[in-house]
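Participant: Single-letter residue listing:
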Amino acid sequence: MMNKLNDLLFVIGLFLTIIGVIVFLTGAITNNDLVQGIRVNLVGGGMLSLVGISMILKSHFTKA
Amino acid sequence: MQLSTVDYLVIAIYFVFVLGIGFVVKRNMKSSSDFLQSGRSLPLWITGLAFISANLGAQEVIGMAASGAKYGIMTSHFYWLGAIPAMVFLGIFMMPFYYGSRARSVPEYLVLRFDEKTRTFNAVTFAAMTLFSSGVSLYALALLFQTLLGWPFNISILLAAGIVMGYTFLGGLTSAVYNEVLQFFLIVLGIAPLVFVGLAQVGGWQGIVAALPADMTTTWQYLGSEDANAMGVNWWQMAMGLGFVLSFGYWCTDFLVVQRAMIARNMSAAQRTPLIAAFPKMLLPFVVILPGLIALTLHKTGGSFQLPTKPDGRIDYDLTLPMMLMNYYPNGMLGVGLTALIASFMSGMAGNVTAFNAVWTYDIYQAHIKKEAPDAHYLWVGKITTVVGIALSIATAYLASQFNNIMDFLQLVFGFVNAPLFATFMLGMFWKRATPNGAFWGLVSGTAAAAVTHGMTVAEGKGGWISQSHTFASGMGHAFFIAIMAWLVCFIVTIAVSMITKPRPDAELGGLVYSLTARPKSEAKVWYEKPVVLGVIVLAATFLLNLIYW
Numbered sequence: 001m002m003n004k005l006n007d008l009l010f011v012i013g014l015f016l017t018i019i020g021v022i023v024f025l026t027g028a029i030t031n032n033d034l035v036q037g038i039r040v041n042l043v044g045g046g047m048l049s050l051v052g053i054s055m056i057l058k059s060h061f062t063k064a
Numbered sequence: 001m002q003l004s005t006v007d008y009l010v011i012a013i014y015f016v017f018v019l020g021i022g023f024v025v026k027r028n029m030k031s032s033s034d035f036l037q038s039g040r041s042l043p044l045w046i047t048g049l050a051f052i053s054a055n056l057g058a059q060e061v062i063g064m065a066a067s068g069a070k071y072g073i074m075t076s077h078f079y080w081l082g083a084i085p086a087m088v089f090l091g092i093f094m095m096p097f098y099y100g101s102r103a104r105s106v107p108e109y110l111v112l113r114f115d116e117k118t119r120t121f122n123a124v125t126f127a128a129m130t131l132f133s134s135g136v137s138l139y140a141l142a143l144l145f146q147t148l149l150g151w152p153f154n155i156s157i158l159l160a161a162g163i164v165m166g167y168t169f170l171g172g173l174t175s176a177v178y179n180e181v182l183q184f185f186l187i188v189l190g191i192a193p194l195v196f197v198g199l200a201q202v203g204g205w206q207g208i209v210a211a212l213p214a215d216m217t218t219t220w221q222y223l224g225s226e227d228a229n230a231m232g233v234n235w236w237q238m239a240m241g242l243g244f245v246l247s248f249g250y251w252c253t254d255f256l257v258v259q260r261a262m263i264a265r266n267m268s269a270a271q272r273t274p275l276i277a278a279f280p281k282m283l284l285p286f287v288v289i290l291p292g293l294i295a296l297t298l299h300k301t302g303g304s305f306q307l308p309t310k311p312d313g314r315i316d317y318d319l320t321l322p323m324m325l326m327n328y329y330p331n332g333m334l335g336v337g338l339t340a341l342i343a344s345f346m347s348g349m350a351g352n353v354t355a356f357n358a359v360w361t362y363d364i365y366q367a368h369i370k371k372e373a374p375d376a377h378y379l380w381v382g383k384i385t386t387v388v389g390i391a392l393s394i395a396t397a398y399l400a401s402q403f404n405n406i407m408d409f410l411q412l413v414f415g416f417v418n419a420p421l422f423a424t425f426m427l428g429m430f431w432k433r434a435t436p437n438g439a440f441w442g443l444v445s446g447t448a449a450a451a452v453t454h455g456m457t458v459a460e461g462k463g464g465w466i467s468q469s470h471t472f473a474s475g476m477g478h479a480f481f482i483a484i485m486a487w488l489v490c491f492i493v494t495i496a497v498s499m500i501t502k503p504r505p506d507a508e509l510g511g512l513v514y515s516l517t518a519r520p521k522s523e524a525k526v527w528y529e530k531p532v533v534l535g536v537i538v539l540a541a542t543f544l545l546n547l548i549y550w
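Residue numbers (the working numbering), protein chains in the order written: chain A, 1 to 64; chain B, 1 to 550.
None of these hints come from the bench; they were simulated from the model.
A few of these clues could be false.
Stated by the list, open to error - Capping the alpha-carbon separation at 27 Å, the derived lysine-lysine pairs in BS3-like fashion look like this:
#	chain 1	residue 1	chain 2	residue 2
1	B	LYS26	A	LYS58
2	B	LYS525	A	LYS58
3	B	LYS383	B	LYS30
4	B	LYS26	B	LYS383
5	A	LYS58	B	LYS371
6	B	LYS432	B	LYS383
7	B	LYS371	B	LYS30
8	B	LYS300	B	LYS310
9	B	LYS117	B	LYS371
Claimed, not checked - Just a few of them, taken from the derived set where beta-carbon distance is under 10 Å, the chain A residues facing chain B:
#	residue
10	LEU8
11	LEU16
12	VAL43
Even for Gly, the Cβ is constructed at its ideal location relative to N, Cα and C.
In isolation and in its complexed conformation, chain A is listed as follows (with noise of 0.2 Å):
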C-alpha cells in the first residue's frame, strides 16, 4: 500500500500532467498562443507537463 506521500505525489502529478497535456495540445493545435514571443500554452502546458510526470516518476520510485 502506498504511503501518504506517495498518494499524493501521484495524485498532484497526474493532475498536473492531464492538464498541462491539455494546455500543451490546445497551443500544438490552434497555434494561436503566441504572446509577446512566447507560445504561453506550449511554455505553460510543457511546465506543468514535466512537473507533473517527475512527481509521477518520483512516486513510482519512492519506497512506501
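Let chain A serve as the given structure and place chain B on it in line with the hints.
Facilitator: Coordinates of chain B only, in the frame set by chain A:
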C-alpha cells in the same frame, strides 16, 4: 479573451480532483485526531508547502498583485521583512514548545501554560476571525466568478461552498492540506508564464525601473519619511509594526499557519516546516507581486494593458491580476490561471474552516460543553462543525457583500487579535514569572488598546470615532501603529499584573517555558536537518534579496 471549452475543461478537472482527494483520504479518517490533526503523520515537504499555502489564499494572491501595482516592489516587505524572520523564529524557538507540549491547537498551549480563561478568550476571538476570513474568501470568489465569467453571484457562492464542504467533510484537515499543496503548484506554474510574457513586453526589470518612480522599484531607500513613498509609511513603522509585531504575531501565533507545522510527524519535521517553507516563500514576490509592477508599467507607458477602473473612475487594483490573465493568456493557460485563482480562494476558505473545526471541537466544545466523551463523538462533532462552519461562512459572505470596507475591517481585526497575542506568547514562553492573570488581562488590555488607538487616530477617512488625535499618511501606517500599541500595552500589562499575582510553580511549567525545558539532543545527521543551520541560510538569503532591491 473569452473562456472557451478547454478553459472550462481545466476548471472542471480541478473540481473533480479536489473532490477525489477527499474521497481518497476519507478511508483514513478513523479518529478525531485523523480528522482534525491529520494524525500528526504528514511528511516534511507536505507540511512545508501547506505552511505557506495556508497563507497563499486569494487575499494574498490577488491582494499582493494589487499592492504591487499600488506600492511597487516595497510590497515585498510583506515577505522579506514581514514573514521570513518570523518563520525562522517560529521554527527555531517556538515550535519546540508548541510541538513538545503536545498541544492540539494554539489556544490549547495557552491552557497548559496559563489557564482556561486565557485559552477561551483566544479560542473565541480566533474562531470568529476564521469565520469572517472564510466568508470573505467565499464572497471574493463569487465576485470574481460574476465579474469575469458572468456567473450568478448566488450560484457561485453555493457551488464553491459545496465543493469546499465536500472535500473537508470527507477528508478533514488532511484533505485541506493536500489541496493546499496542489494549489501551490497551480499558482506558481499557472502565473509564472504571465511573468515571462509581461517582462518580455516591458523590457525586463530594467524596463520597469526606467518607467516607474524610484520609490516603487526600491525597498528601503525611500522609507525615510511617510511622504517619501507610495505606501505612506516610514522605516520605524515598517520595521516595528510589520517586521516585528504584525509579522511575529501572525506567523508565530495564528493557528491557521502554525497548525500546519504542528501536524508534522516528529519534532524535527515540525521545527523545519517553517524553515523549509521559507525558501519558496522568499521567491513568491516574483510570482505574485511582479505582475502588479508589470501591469503598472504597461499602464504608465501606454502599453496594450490598462489598469481596470471602478464605476467612479478610480483604479480597481484588486482586479489587476485577473485582468492581466484575461488580457494575456490564450485559451488553455487562461483556464489554468483562473483555476489557480479559484484554488487559492477555495483553499483559503478550507484552511480557515479546518482551523475553526479544531479550535471549536477541542478548545470550546470539549473544554466547556462535553468534557468526557468517546473519541467517536468528537470525530462526529468535527464533521458537523465542518458543515456549520461552511454555513456560517456563507452567512458572513453575504454580510461581506453589504459592506464596502470589509477587507479593511478584517485586516484591522487581525491586528486586534494577533498583535497582543504575540506579546502573551513571548512572555509565556520565555519568562517563567508570567502568570495566568497577567496573560489574561494583558490580552484583554492589548485588544482594548487596539480599539482605543483606532478610535483616536485616523487615516484615509477611517478610525477616529473617539477623537482625531493624529492623522496617518496611509491606512497601512495606521494599521501598523495600532498593532504596535496593542502589542506594547499587552506586554506592559502582562508584566505589571504578573508582578503582583502568583505564578504557577516551576514544576508545572516544564516543556512550556524556555528556561525550564531541557534542550533536546539534536539527532540531525546532515546539515540540512539542523534547524539552526537552515535558519541562518534562510536569513542570509533574505538579507541578500533586501540588498539587491535596496
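Participant: Can you give the numbers of the hints that this structure goes against, from lowest to highest?
Facilitator: 5 and 6
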